[in-house]
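*Asks:* Single-letter residue listing:
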Amino acid sequence: LRTKNRRLLQILLACIPAMALTIATPLANRVEPRIAGLPFFLAYIVLWVLLTPLLMWVVYSLEQPL
Amino acid sequence: VSAAVALGVIAVIVIATVLFGLWGVRNVKMSPQEFIVGGRSFGTVFIWLLMAGEIYTSFTFLGAAGWAYTRGAPAFYILCYGTVAYIIAFFLTPAVWRVARDRQLLTGPDFFTAQYGSKALGGLVALVGFVFLVPYITLQLGGLEILLHIAGYNTFDARMAVGIAFAVMALFVYAVGLRGTAWAAVIKDLLVLVGVVFAGLVLPIHFFGSPAAVISKVLERQPNWMTLPTTATPGGTVWFVTTVLLTALGFFVFPNTMAAVYAARSQDTLRRNAVFLPFYQLMILLVYFGGFTALLLVPGLKGPAGDQSFMLVVQKYYSPWVLGFVAGAGCLAALVPASTQILGAASIVSKNLFMDYGMVKTEAGSVTATRILVLVVSVLAFSFWFFARHTLVGLLLIAYTGMTQFFPGVALSFSRRLRPSAAGAGAGIAVGIITLAIFAANKTGTLAGINSGFVALTLNVIALFTVSALTGAYRRSGPGAREAA
Numbered sequence: 101l102r103t104k105n106r107r108l109l110q111i112l113l114a115c116i117p118a119m120a121l122t123i124a125t126p127l128a129n130r131v132e133p134r135i136a137g138l139p140f141f142l143a144y145i146v147l148w149v150l151l152t153p154l155l156m157w158v159v160y161s162l163e164q165p166l
Numbered sequence: 194v195s196a197a198v199a200l201g202v203i204a205v206i207v208i209a210t211v212l213f214g215l216w217g218v219r220n221v222k223m224s225p226q227e228f229i230v231g232g233r234s235f236g237t238v239f240i241w242l243l244m245a246g247e248i249y250t251s252f253t254f255l256g257a258a259g260w261a262y263t264r265g266a267p268a269f270y271i272l273c274y275g276t277v278a279y280i281i282a283f284f285l286t287p288a289v290w291r292v293a294r295d296r297q298l299l300t301g302p303d304f305f306t307a308q309y310g311s312k313a314l315g316g317l318v319a320l321v322g323f324v325f326l327v328p329y330i331t332l333q334l335g336g337l338e339i340l341l342h343i344a345g346y347n348t349f350d351a352r353m354a355v356g357i358a359f360a361v362m363a364l365f366v367y368a369v370g371l372r373g374t375a376w377a378a379v380i381k382d383l384l385v386l387v388g389v390v391f392a393g394l395v396l397p398i399h400f401f402g403s404p405a406a407v408i409s410k411v412l413e414r415q416p417n418w419m420t421l422p423t424t425a426t427p428g429g430t431v432w433f434v435t436t437v438l439l440t441a442l443g444f445f446v447f448p449n450t451m452a453a454v455y456a457a458r459s460q461d462t463l464r465r466n467a468v469f470l471p472f473y474q475l476m477i478l479l480v481y482f483g484g485f486t487a488l489l490l491v492p493g494l495k496g497p498a499g500d501q502s503f504m505l506v507v508q509k510y511y512s513p514w515v516l517g518f519v520a521g522a523g524c525l526a527a528l529v530p531a532s533t534q535i536l537g538a539a540s541i542v543s544k545n546l547f548m549d550y551g552m553v554k555t556e557a558g559s560v561t562a563t564r565i566l567v568l569v570v571s572v573l574a575f576s577f578w579f580f581a582r583h584t585l586v587g588l589l590l591i592a593y594t595g596m597t598q599f600f601p602g603v604a605l606s607f608s609r610r611l612r613p614s615a616a617g618a619g620a621g622i623a624v625g626i627i628t629l630a631i632f633a634a635n636k637t638g639t640l641a642g643i644n645s646g647f648v649a650l651t652l653n654v655i656a657l658f659t660v661s662a663l664t665g666a667y668r669r670s671g672p673g674a675r676e677a678a
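Read top to bottom, the protein sequences are chains A and B. For the first sequence, the numbering used here gives the first residue as 101, with consecutive numbering after it. For the second sequence, the numbering used here gives the first residue as 194, with consecutive numbering after it.
Misleading hints may appear alongside valid ones.
Computed list of lysine to any residue pairs in SDA-like fashion (alpha-carbon distance at most 25 Å, straight line) [to be verified]: (1) A:LYS104 <-> B:SER459; (2) B:LYS410 <-> A:ILE135; (3) A:LYS104 <-> B:ARG465; (4) B:LYS410 <-> A:GLY137; (5) A:LYS104 <-> B:ILE281; (6) A:LYS104 <-> B:ARG291; (7) A:LYS104 <-> B:ARG610.
These are computed hints drawn from the structure, not numbers from a lab.
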């Protein structure tokens, strides 16, 4: 059962960036405010591309029992 | 003289890469296991290279810049889909790998044959996979043509050079198999990285001071360039979301990508790769900068001509040496992925049609058949390129919309309760492909703003469940099913 909970947590964590980069993208479809010179839409995508490996690292470490 | 210098640099780069690949496999004996899946011994670095090879093709190098140039924000889908694909890969590829190891799988269609116990389903997948790999290989040829045309300063017909370059690569794959192409990918990725940094950082800084300045200038001229239209049209928000989903799901079910998964040494290798590969995606951001810079410096390119974008800037403002180097990197980005795709297409027909149906009987015969098919596929892709002209984007979408139809059959095969029957999985793929054919016949890629491949995928899943239910896949509705729930 503990393995099952870990799996669920892994999937929930992985869903965050997956949703952010798919169904949530229309919400970020704006030019302003610009971040580091990038239009907001592009900055939003880049931010999630950077956050994904961090979140997935947590998902990866959940692969082994703590 | 300029053309000779630039083309000479390209020739040196391509030949050096081929020699490096040959050197990498000098002591390796070729069996089907070795030729197609590298003896299942690749560690993190080699798998990284093989999978990155899938992303950094001439589509990324030229196509992504071309889209940033001709369409703007819709091009950002490329940054999203690879990242989402790796998230899916984290969960999917280790499971696929376990099946591949236990059942000694060689090709993508083998997975269907093994999981569903159906040679016919494997054969269908091989056939569909073969058909949809051809446009993907053709895409790389289109990229090559653009690069050689520009490097030749438009002085000669690039088709001849494309033919030669392609023949060199086909013979290269014939000789070295998967391991050799992974070695070649080492050089390719290094050079492409340099080329992309040049296009995405050096060009913007040289002409405008910074990438941010380029973006401001683009927005001054075209205020809507960095956002999606909210209408139900190609390139709109609905199209964006459905295209990201479609291509992310399709990413790891390409037969050549499945073979790359089988080549991994362990499940852990695959998981670690899935975690870190998104960082590599950031190169694409630089490619966009290159496309935007080109939009300011050489405006007015329309449609497919946009794929030339930053290469034209390099041609116009830099020496032939620089042009040759950047174009050489681009040529490798076309040739190296093309070689794994050629190998993928050849091996699925050789294994899942010739071998599984007893037309080829020995292991040696199988390697020979695969090698001959490598040449056949090359000629087919070359003919398709020669006789039916498409844009790079058009070709990529043809390949992805078709290949993604395999996804439900792969993913659901691991489900205890929703596992389809072989007939169901086959019917799903067939319905998906027929839907795509109807879209193609009507010369449209969207329905109410939704990507046609996504529509096909939806009908695919409906057909899959319906036929599975009819053929009794879900009949075990006794106490066992309740326990599983």
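*Asks:* Could you run down the list of hints and mark each one as holding or not?
*Replies:* Right, here's what the structure says about each hint:
1. Note on LYS104 (chain A) and SER459 (chain B): the hinted pairing holds, with a Cα-Cα distance of about 22 Å set against a maximum of 25 Å.
2. With a CA separation close to 16 Å, the supplied pair LYS410 (chain B) and ILE135 (chain A) stays within the 25 Å bound.
3. Only pairs whose Cα atoms come within 25 Å are accepted, and LYS104 (chain A) paired with ARG465 (chain B) is accepted, the gap being roughly 21 Å.
4. Taken as a hint, the LYS410 (chain B) and GLY137 (chain A) pair is honoured in the structure, with Cα atoms around 11 Å apart against an allowance of 25 Å.
5. Taken as a hint, the LYS104 (chain A) and ILE281 (chain B) pair is honoured in the structure, with Cα atoms around 18 Å apart against an allowance of 25 Å.
6. Of the supplied pair hints, the one linking LYS104 (chain A) and ARG291 (chain B) holds, its CA atoms being roughly 19 Å apart against a limit of 25 Å.
7. At roughly 16 Å between alpha-carbon atoms, LYS104 (chain A) and ARG610 (chain B) fall within 25 Å of each other, so this suggested pair holds.
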